[in-house]
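Residue numbers (this note's numbering), protein chains in the order written: chain A, 1 to 242; chain U, 1001 to 1051.
In case anyone wonders, no lab produced these hints; they're calculated from the structure.
A quick note: this is a predicted structure, and the numbers were derived from the prediction, not measured.
Careful: at least some of the hints might be erroneous.
As the list claims (entries may be wrong) - Computed footprint of chain U on chain A, listed as stretches where at least three residues anywhere in the stretch have a Cβ under 8 Å from a Cβ of chain U:
#1 78 to 92
#2 213 to 225
Claimed, not checked - Simulated crosslink set (BS3-like; lysine-lysine; CA at most 30 Å straight-line):
#3 A:83 / U:1049
#4 A:85 / U:1009
#5 U:1050 / U:1037
Note that beta-carbon positions come from the ideal geometry of N, C-alpha and C, so glycine has one too.
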Amino acid sequence: MNISKIANLKFFYTRTKNITFFLSVFSFVLFSVGIFWGLFIAPEDYLQGNSYRIIYMHVPAAWLSLQTYIFMAVTGFIALVWKVKIMEIASIQSAPIGALFTIIALVTGMIWGKPTWGTYWVWDARLTSELILLFLYIGVIALYASFKDKRQAVKITSLLAIIGLINIPIIHYSVEWWNTLHQGPTVTKFEKPSAHISMLMPLLYMFFVFNIYFLTVIIKRIRLGIYLREKNSKWMEEYRND
Amino acid sequence: MIEFLDMGKHTAFVYIAYIFSIVVLFIGYLLPHFSLKKELRNKDDKINKKK
């Protein structure tokens, strides 16, 4: 199966209906296991007690908020340069998912911050740059909604997404570049992670689960985007009549 | 059971964070699902009205 075939709107729309169903069930089962693992099997932290369990939602959501932004910018770039329709749809449809991940990262971080730091919010570099990421996502969604010509809209939102990429290394390295209340890297120090393996494994597992969730939802959203764009086309009517 | 679910003094924080995340993820999943269904229904209604 070659890439040009997958990039074909008709091919993607007609072939992914069953895939989303299986991915949805798969995500649900994986999430159930991950939540149970994080809440009840992973050991209690000697310093933070049980509040650290929030990281099993917070950290994967934060990673995915960055990953989704990169996805949005890269697909936007491909759409801009090579005018691939499915990439236009993928770029704009990934923005709401990224916004949700960012909201989860920010809110769970605030909930974790209260018992750990004694405050819900501080204007330190990591928290502020993550909040800017949320504004970038909202900006992309609002900009797209404000245009009548959706193909023109994608060109503008792709540009905004590419410019906003500058925020990604700022978020990632903010804890090293500035003195922040937010802790430094824990997991990405691959040669010697600060977390014990019994705490690290559920975290990496949840990262995998969040990726499966992203895959499920992005396919669902691309199908929605294809339908909105092609609902009056001949092939769509033929497919629906079958 | 309550003892099993107990997270000490951080019980409320942990469960609120988890419930919030699950609800948001669920909304994120259901939104495109029902939006597509609604669009398909609207199209069918239009076709039926024409008939």
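Practice task
Check each numbered hint from earlier against the structure, then list the numbers of those it violates in ascending order.
Solution key: 1, 3 and 4
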